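Given the sequences, and given the hints that come with them, work out the whole structure.
So the protein sequences, as listed, match chains D and V.
Letter by letter, the first sequence follows residues 16 to 174 in my numbering.
Letter by letter, the second sequence follows residues 57 to 653 in my numbering.
Be aware that one or more of the hints could be misleading.
[Said to hold, decoys possible] For lysine to aspartate or glutamate, the following DMTMM-like pairs were computed, each having C-alpha atoms within a straight-line distance of at most 25 Å:
hint	chain 1	residue 1	chain 2	residue 2
1	D	Lys167	V	Asp631
2	V	Lys522	V	Asp553
3	V	Lys301	D	Asp155
4	D	Lys41	D	Glu60
5	D	Lys118	V	Asp492
6	D	Lys50	V	Glu351
7	V	Lys593	D	Glu111
8	V	Lys445	D	Glu111
9	V	Lys599	D	Asp164
10	D	Lys112	V	Glu508
11	V	Lys101	V	Asp185
12	D	Lys156	V	Glu304
13	D	Lys118	V	Glu507
14	D	Lys156	V	Glu82
15	V	Lys535	V	Glu572
16	D	Lys50	V	Asp330
17	V	Lys305	D	Glu43
18	D	Lys112	V	Asp443
Hint data in this document are derived by calculation from the structure and do not stem from the laboratory.
Computed from a predicted structure; not experimentally measured.
If you want the building blocks of each chain, they are given just below.
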Amino acid sequence: MSVKTDLTETKFNELEAYMETIPVKKGELIRVLHKAQGIFGYLPEEVQKYVAKKMNVSTAKVFGVVSFYSYFTMKPKGEHDIAICLGTACYVRGAEKILDAIKRETGIEVGETSADGKFSITGLRCVGACGLAPVVMVNDKVYGRLTADMIKGIIDNYR
Amino acid sequence: MANYNTHVLVCGGTGCISAESDLIIENIEKQLVEEGMADSVQVLKTGCFGFCEKGPIVKILPDNTFYVQVTPDDATELVKEHIVKGRKVERLLFTDPETKEKVSDSKNMDFYKKQLRIALRNCGIIDPDKIEDYIARDGYSALGKVLTEMTQDELIDIMKASGLRGRGGGGFPTGLKWNFAKGYASDQKYVICNADEGDPGAFMDRSILEGDPHSIVEAMAINGYAIGATIGKVYIRAEYPLAIKRLEKAIDDAREYGLLGEDIMGTGFNFDIDLTYGAGAFVCGEETALIHSMEGERGEPTTKPPFPAESGYWGKPTNVNNVETFANVPVIILKGADWFASIGSEKSKGTKVFALAGKINNVGLIEVPMGTTLREVIYDIGGGIKDGKKFKSVQTGGPSGGCLTAKDLDTPIDYDNLIAKGSMMGSGGMIVMDEDDCMVSVAKFYLQFTEEESCGKCTPCRVGTKRLSELLELITEGKGEMKHLDELKHLSRVIKDTALCGLGQTAPNPVLSTMEAFADEYLAHIKDGKCPAGQCKNLLEYKVLEDKCIGCTACARVCPVNCISGEVKKLHVIDQSACIKCGACMDKCKFDAIIKQ
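Shown next as structure tokens:
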């Protein structure tokens, strides 16, 4: 996974091609935004304006929807996204301590991306792997049954 | 076609896949080829077995041998020993924690003995990607029966008589809901499956979708026939990629077999299903909010009436049912309403799936008849509390529910009993807590969740949940005052009475139930400035015990902020002003020389 911060024309063309496959635009804003985030990696103002124009709705409406749902992000994620499960099962098995350790190692907070673009931290609701609690996912790899002292070793793998 | 005499079932649920079950399958298959047995042994990737604590699970049929915590490296031995030589691999069998004996047949495990699997009937048994497997287990025969033998009214009567109630949390009778939607005439009606499982710590819907997607497809078509709808939609979390993949395959296969689409089974009935992705908003579990989200809007709820059965998706009559509710439908049709109604308690029929998690030995997915007691669930099935600690509380109903305590252990679990105890069934999350869990912090955890998930439309919820979580924050920081308790109670009542939808109306439940059951804990925080569970950082100190510290320096080396000083073989001291209370030193110390107080 690389940092998709560049808003290239190719990407806009890809999005446009996708939107053309949807015959009736009514009610399809969230579907289009899912696709857009898949292409760009995040939804900055430029992309939201573009979607609004193409869908023939106001930018305010697009922003309203983007800011409402936690899945949509307006900031680019890091090269390695560290997603920590903050569901109840992980919480009672010590997710807070794990999160503290991740913050200490990376120097960033939940929802932030490190200055070098290497890491970002995302808080997840429930991964559904409660048997492995507490759980952290780096990119798509799942690390379970964690203790705080294991965090440094895991993050070092990605430096 | 190969004639298999042995079947190897490997769990392909999210939990086990996270622990490399895909690689286990690959390795087993490789080894089978090497032994020349690929034609007589079939390896199946199934849905969740439920026993997630000991995953990945591998089960070998016909002798029903249940292997736990299998790693990819164990594959060779499993094939060589069990399959080739017929000898069980002892070290991978489950050990009964009480008798310390190895149990090879899952039927003899306490975890499964008290369970009754209706909604989960196919999970861990069939390959969810193979429609033939589902059909071999009576799949789609309920749909066939309905379409060829029943009128809409006869079908709805069966649903009513079965006593099935909505499993998403509300507990509304399913038959009635269907009847309402049938009653409204319209050129188009919709069936929606709510698969936006948002309760943190609950994963039953995802397990059903991953383990038995066809049961949902079949039930939605039955619902469509009952109310006269031809379009079904599944509103599913985008965070569930595996469930999405399996459901999409199930829909495609059903279409190919003529079980979805035009003129199903030659009966003239048309019904088709597509997916709509959610984007992460807890409030979208509320049906009006869910419908707005499906229309591409912000998922904000609207007042009811009108109910979706009258005016739902694009203003048309719509039935919204939860995944687990749907999973029960085909069985009810095949086995009859009387059979279903004979299971469970007086007002809650059938079974309920629970996601058992937290400080319990057997974390996993279980299904028990309604009316089973909490004690049976936690001690018999769940295997008791982890690390021999003391049971403190069990939280049901997620952020809308409450905490039950030791005195409630013998309460039979059903919709009405849980409400009477100040909690609720919810979607089936069951989080077990022990003596180390601070109940004020737990209440704060849930309130921070609802505060963040409040859609902001109505003031009581938007502002009220924020104020509640601020008050709880003060108490956990040691800045609480007695008047804050009255404020918490008063504010909770106001929110309950005035919030627009279920999310807001139930948001204060975690506060009220913990204040009632654990009043002394709130008082200890406020009056004594102590957190009895030792969890609230501002209210505790880590200390090195003079008589126990041998000066091994382990704590000083592990401390992330270097606030522990001391020379080798001499007493170490923690600098309280620099300590961030992470507890790493206490975890590291082998001599119990560090305490928190």
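(Q) Please verify whether V:Lys101 and V:Asp185 have alpha carbons no more than 25 Å apart. (A) Judged against 25 Å, a Cα distance of about 9 Å means the pair holds.
Quiz item: If you draw a straight line from the CA of D:Lys112 to the CA of V:Glu508, is it 25 Å or shorter?
Solution: holds (21 Å)
Review point. Would the pair V:Lys301 and D:Asp155 pass a check requiring their Cα atoms to be no farther apart than 25 Å?
Key: This hinted pair holds, its Cα atoms lying about 16 Å apart.
*Hint consistency between D:Lys112 and V:Asp443 [alpha-carbon to alpha-carbon, up to 25 Å]*: holds (19 Å)
### Message
Holds or violated: D:Lys118 and V:Asp492, Cα atoms, limit 25 Å.
### Response
Answer holds: D:Lys118 to V:Asp492 is near 24 Å, not above 25 Å.
Can you confirm whether the C-alpha distance between V:Lys593 and D:Glu111 stays at or below 25 Å? Measuring from Cα to Cα gives roughly 11 Å; hence the hint holds.
Within 25 Å, alpha carbon to alpha carbon, are D:Lys50 and V:Asp330? Between D:Lys50 and V:Asp330 the Cα gap is close to 17 Å, so the pair holds against 25 Å.
Against the 25 Å threshold, does the CA-CA distance of D:Lys41 and D:Glu60 hold or violate the hint? It holds: about 22 Å lies between the C-alpha atoms, which stays within 25 Å.
Inset, instruction - With a cut-off of 25 Å on the C-alpha distance, tell me whether V:Lys445 and D:Glu111 pass. - result: It holds: about 20 Å lies between the C-alpha atoms, which stays within 25 Å.
Original post:
Hey, V:Lys535 versus V:Glu572, does the alpha-carbon distance stay inside 25 Å?
Top reply: holds (21 Å)
Agreement of V:Lys305 and D:Glu43 with the hint, judged by alpha carbon distance not exceeding 25 Å
holds (22 Å)
Quickly compare the C-alpha distance for V:Lys522 and V:Asp553 to 25 Å and report which way the hint goes. holds (17 Å)
Hint compliance for this structure: no hint is broken.
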